[in-house]
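K.L.:
Residue numbers (the working numbering): 18 to 532.
It is worth saying that the hints were derived from the structure and are not from the lab.
Label pairs and their in silico Cβ distance ranges: (1) I51 / K109: 43 to 51 Å; (2) D317 / V96: 30 to 38 Å; (3) F133 / I66: 14 to 22 Å; (4) T104 / D231: 48 to 56 Å; (5) K333 / D107: 23 to 31 Å; (6) F336 / A48: 52 to 60 Å; (7) P292 / S188: 46 to 54 Å; (8) S337 / D107: 22 to 30 Å.
None of these values were measured; they are calculated from a predicted model. Virtual Cβ for every residue (Gly too), placed ideally from N, Cα, C.
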Amino acid sequence: MEKKTKKATKPSRDGSESNIWSFLTQKGTAASFICITLFAILVRIAVSIHPYSGAGTPPKYGDYEAQRHWMEITLNLPVKEWYRNSTVNDLKYWGLDYPPLTAYQSYIHGLFLRYFDPQSVELYTSRGYESYIGKLLMRWTVLLSDVLIFFPAVMYFIIVYYSGIHEGSKSGRLWHFAMILLNPCLILIDHGHFQYNCISLGLTVAAVSAILSDRDIVGSILFSFALNHKQMSAYFAPAFFGYLFGKCLKRRNPFLEVLKLGLAVLGTFTVLWWPYLYSVEAPFEVLSRLAPFERGIYEDYVANFWCTTSVIVKWKRLFSTQALRILSLVSTVSTCLPSMLLLILAPSRRNFLFGLLSSSLSFYFFSFQVHEKSILLPLLPASFLAIDEPLIFRWLTYFALLSMFPLLRRDELILPYIALYGLFVLLYNAPVQREDTRETRSPFTTLKYFAIACSLLLHIVYLMVTPPRRYPFLFEAVMMLLCFCQFFFVFMYTNMKQWELLKLSSQTVREKKNI
Numbered sequence: 018m019e020k021k022t023k024k025a026t027k028p029s030r031d032g033s034e035s036n037i038w039s040f041l042t043q044k045g046t047a048a049s050f051i052c053i054t055l056f057a058i059l060v061r062i063a064v065s066i067h068p069y070s071g072a073g074t075p076p077k078y079g080d081y082e083a084q085r086h087w088m089e090i091t092l093n094l095p096v097k098e099w100y101r102n103s104t105v106n107d108l109k110y111w112g113l114d115y116p117p118l119t120a121y122q123s124y125i126h127g128l129f130l131r132y133f134d135p136q137s138v139e140l141y142t143s144r145g146y147e148s149y150i151g152k153l154l155m156r157w158t159v160l161l162s163d164v165l166i167f168f169p170a171v172m173y174f175i176i177v178y179y180s181g182i183h184e185g186s187k188s189g190r191l192w193h194f195a196m197i198l199l200n201p202c203l204i205l206i207d208h209g210h211f212q213y214n215c216i217s218l219g220l221t222v223a224a225v226s227a228i229l230s231d232r233d234i235v236g237s238i239l240f241s242f243a244l245n246h247k248q249m250s251a252y253f254a255p256a257f258f259g260y261l262f263g264k265c266l267k268r269r270n271p272f273l274e275v276l277k278l279g280l281a282v283l284g285t286f287t288v289l290w291w292p293y294l295y296s297v298e299a300p301f302e303v304l305s306r307l308a309p310f311e312r313g314i315y316e317d318y319v320a321n322f323w324c325t326t327s328v329i330v331k332w333k334r335l336f337s338t339q340a341l342r343i344l345s346l347v348s349t350v351s352t353c354l355p356s357m358l359l360l361i362l363a364p365s366r367r368n369f370l371f372g373l374l375s376s377s378l379s380f381y382f383f384s385f386q387v388h389e390k391s392i393l394l395p396l397l398p399a400s401f402l403a404i405d406e407p408l409i410f411r412w413l414t415y416f417a418l419l420s421m422f423p424l425l426r427r428d429e430l431i432l433p434y435i436a437l438y439g440l441f442v443l444l445y446n447a448p449v450q451r452e453d454t455r456e457t458r459s460p461f462t463t464l465k466y467f468a469i470a471c472s473l474l475l476h477i478v479y480l481m482v483t484p485p486r487r488y489p490f491l492f493e494a495v496m497m498l499l500c501f502c503q504f505f506f507v508f509m510y511t512n513m514k515q516w517e518l519l520k521l522s523s524q525t526v527r528e529k530k531n532i
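Please work from the sequences and hints to get the whole structure.
P.N.:
Shown next as structure tokens:
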């Protein structure tokens, strides 16, 4: 797609730590980062004044009510009852279906709500609670989580990335920082639709940054936290495993290195799951809530393999849930296995970032029960590579937005959608030094403009044209097909880049042997 030459240097652990933080002390740099941070906060506040998922739509409302209800449950019931169906905890009404760290987060946020507005988290009587102060406090919990977890993690990544993997200009660093913080998809889902993806994604960013700076044990612990906040963080697990295992194999005592990482992960899981280790059955009660197979292989319209092909193959009709579980598992493992093996064979930092993107797309395409919001996970490693692979980052963002458009329209978030779409285009095209190449006339360029034109046309058609009565979801199906094709192109390109890095690694090893 594009040729590039870049210097890759390895960050020194035995050198002074001040070298890593040096660019923040350069004249004007710290002020620029602060301005971008404040602007990112302002954008989030502007989006949060718009409607949210399920606003004023009883009886179950939406994701906003789910998050509020979890605060109600965790505050008023003992820990052992949080995941158990009972007369005081009806799991059919937004029962907890995320790992324990989400429950602990809900408890902490619930304390915040109870301090200012006790009625918003009262057991039973607070269902569907939508007072002005209650909504304001709920929005503040998301914003504070974002600022306290995601923002520092992104700063950590920028510091590590530009001290050892990429030699970029000051403007390039600021642009990269802004691109990650102002990701329109994450802002629309967390501060518009209403979720806390910023926590699990922030922990993942911190884990990646720690591993890129050779703090593998710290990175493993942070990623374990991410897994225990949202099980979808497992989208990145093959890449983490492949890279860390490959690094261990190249060290003097591989068994000891693997043992240290294994004990760190096991210890973290033990601490987080401790309230549920009082019996053999208790952990399985929680695990059963984390795998909602009864909901089907996909929900609503999502641009993955199962939903896109369901127009031709009626998966839910032809196969039982058990058969689809096996089919999904085999498909997911078989598509992410090559990327993981490439990481084990060539565990470079750059290969790790491509592996994260490839692995997350494999899970997005083929895993069970994928939501529209799940595209946020592949978008994260794509944003890591924004300065080196800007076209891939831009392309994935454009079509990720399109894939979530039906969901955001239902939430009445069209105005912030258009505003953030425009803001992304403006920021992306800012004059900075990155690995862009001059576009020349080619079949690929024509195809690219055709895809963008189709995307813009679909937005207009979806808003203004009523679909045929016989095919009420025709426009959604066309949108998902277009998006799936673009995502699959990114997936193939990512795997190709990993193969190239393996060849480069093998060539470097041969050259060293010949010296």
